[in-house]
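As a plain string of letters, each chain reads:
2 protein chains.
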Amino acid sequence: MLKRENVAWYQDGAVKILDRRVYPSKVEFVVCKDYKEVAQAIADMVTQSGGPWLAAQQAMVMTAYQVQDQSVDKAKTILREAAYAVTHARPTTSERMVAVVQKVLDNAEAALEAKEAVGPSTEEFVLEQVEATYQRARIIGQNVVDLLPDKVTILTQCFAEWLIGFTLLVCQERRKNVSLICPETRPYLQGARLTASVAHDMGVPVTVVTDNMPGYLLSQRIPDVFICAADVVTLDGHVVNKIGTYQIALAAHENNIPFYVTSTPSADNPTIDTVTIEERNPEEVLHAMGVRTAMEGVKGYYPAFDITPPKLVSAIVTEKGVFSPYDLKIYWGKKQTK
Amino acid sequence: MLKRENVAWYQDGAVKILDRRVYPSKVEFVVCKDYKEVAQAIADMVTQSGGPWLAAQQAMVMTAYQVQDQSVDKAKTILREAAYAVTHARPTTSERMVAVVQKVLDNAEAALEAKEAVGPSTEEFVLEQVEATYQRARIIGQNVVDLLPDKVTILTQCFAEWLIGFTLLVCQERRKNVSLICPETRPYLQGARLTASVAHDMGVPVTVVTDNMPGYLLSQRIPDVFICAADVVTLDGHVVNKIGTYQIALAAHENNIPFYVTSTPSADNPTIDTVTIEERNPEEVLHAMGVRTAMEGVKGYYPAFDITPPKLVSAIVTEKGVFSPYDLKIYWGKKQTK
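Note that the protein sequences, when read in sequence, are chains A and B. So that you can map any letter, position 315 of the first sequence is 315 in this note's numbering, and since no number is skipped, the others follow by simple counting. So that you can map any letter, position 125 of the second sequence is 125 in this note's numbering, and since no number is skipped, the others follow by simple counting.
The following block holds chain A by itself, in its conformation from the complex (with noise of 0.2 Å):
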């Protein structure tokens, strides 16, 4: 699994991100020195999954460091301004993460009133906050692989970080038969790039299929279960995702395979209305690896994520326990099972 420290990490100064546009034929990283760059490297997709909430706290710890010299008022500002900075960065979470990073902000005001030194505080809280997330990600993995038969053959999309990581680790650990197909998650290749390199990295039998392939593999059986993470679950059970899961989805959902979504109900968006779908640059579609595809002339389109409505989702796995994509309000009732 990646270390946290190499996803995006505070460290004398600077945050250093590492660069998934070219891991892992390079492995290069950003150096951001102040919020601004952070939020410019999370829009640039220098990192993404869960990468940006690493980043995005990181440049809070940075920012808090930063502003230890200032007046209260004066230091309460800026990280203020880069709580929303690095929070919107790009929209489709933008909900999602400022619940997580609101939590650092107010830390750090806290500390501010205290006239405590709110670089160390906000380090440490930060620190703290990363630690639940992987201890959360353990217990969803753990959830996940419950339902999950001892020879397997998972099919995932895109990059789900820490929860691919930890399902994976977590098969391991049972000793189970487990394998991974990813398809390549055009046009950015997380898929092929990221995933793959994780799986492979974990000693996990991992094969990669271009986007055009998982409804065949369905078709003929070949996977075993339909993963993902979610970069959003409205509480209505939809489920938006990198681009292409819908259409994963709906061939899991025709040929009897079923779809486990890994990931907490967001609380902010009660329906499918309160999400915004990002489009990038169109550019970004007609190049593959660096090099130009499409002749000059021709137009690109490239929505970020799709949307999977809760009668395709078999059900959201959180670390609360396996949940019904029809039922999600009761989750923010519902103590952990573990």
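Among these hints, one or two may not hold up.
Copies of the same chain look alike in the list, so a pair counts if it fits in one copy or across any two.
[What the hints assert, rightly or not] Taking lysine to any residue pairs in the SDA-like style, the calculated list, with each CA pair at most 20 Å apart, reads:
no.: 1; residue 1: Lys-36; residue 2: Lys-76
no.: 2; residue 1: Lys-16; residue 2: Met-45
no.: 3; residue 1: Lys-103; residue 2: Ala-85
no.: 4; residue 1: Lys-299; residue 2: Val-204
no.: 5; residue 1: Lys-176; residue 2: Gln-40
no.: 6; residue 1: Lys-299; residue 2: Met-289
no.: 7; residue 1: Lys-299; residue 2: Ser-179
no.: 8; residue 1: Lys-26; residue 2: Met-289
no.: 9; residue 1: Lys-36; residue 2: Ser-179
no.: 10; residue 1: Lys-299; residue 2: Met-202
Hints were generated in silico from the structure; no laboratory data involved. Because the structure is a prediction, the values reported are computed rather than measured.
Start from chain A and add chain B according to the hints.
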């Protein structure tokens, strides 16, 4: 539309085949000096879609010229070997291609028996067959355009050669407000490189998307119709076409958008059980535009075609008219409508 001379043509003692693996960024031809080189070029996907049909027939012309000074028996043997090699370079379309090339072989053998010059005789015969193919494609284009509204956004898949070319041309002749959406069609990107180029050259507005996007576009009702050709349409109504067609057809069906297949049912494939799905070199899916995508050690898998069942197909559009996929046997007893 790509002129036939720019697809695959016999000239100056060799068959020149446009190298579609690098088009449109480079315009290069593979020059084949004997039928074995043509068969290898087809297997290597130097050309595809309608290209192998032209290349195979042109290989027969070249071979006919090459055997003119041989004994009749020797000439026949070589021509039969050539016919076998060029029709069996790729498995999925072999039956259909044999049917076409067998006619060329029969004509050549008759010329040899009659002591006519087999080279010019074969060349003339093939020219007539190719003209008939174009004429048939135009009529199919007319028949499918009959089904379209005046303002129409067509979603297609891969590169349907003359069939998509004539469909767009007939739309223009009838002054329809037509635009095209091309999934890029990994791993070879025929949609981005070939179909989009043909449409753009014709002045048709064209948008390229990645292969994980058609489902979302269909859910948003951006295309009005999904139209593709097929490598094989079996008499029991299954459509065998470029991998990805099945999952697009599923999404079209789910969203009540019609799916028309412009292709002649294959009398040589009464049921889907008679079709072999070609699996190509897995390394090809691990590269994009010649650049490696995944880490070394990660495996690939490359089924070249998929199977769309008749329940997802709105109509099979032929030169004899429009058929239900459940009623294809009557095609062979029916006259042309135009």
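Each hint, compared with the structure:
no., hint, verdict
1, Lys-36 - Lys-76, "within (16 Å within a copy, 75 Å between copies)"
2, Lys-16 - Met-45, "within (14 Å within a copy, 44 Å between copies)"
3, Lys-103 - Ala-85, "within (15 Å within a copy, 69 Å between copies)"
4, Lys-299 - Val-204, "between (39 Å within a copy, 11 Å between copies)"
5, Lys-176 - Gln-40, "neither (41 Å within a copy, 43 Å between copies)"
6, Lys-299 - Met-289, "both (18 Å within a copy, 19 Å between copies)"
7, Lys-299 - Ser-179, "between (38 Å within a copy, 11 Å between copies)"
8, Lys-26 - Met-289, "both (12 Å within a copy, 18 Å between copies)"
9, Lys-36 - Ser-179, "neither (40 Å within a copy, 40 Å between copies)"
10, Lys-299 - Met-202, "between (40 Å within a copy, 15 Å between copies)"
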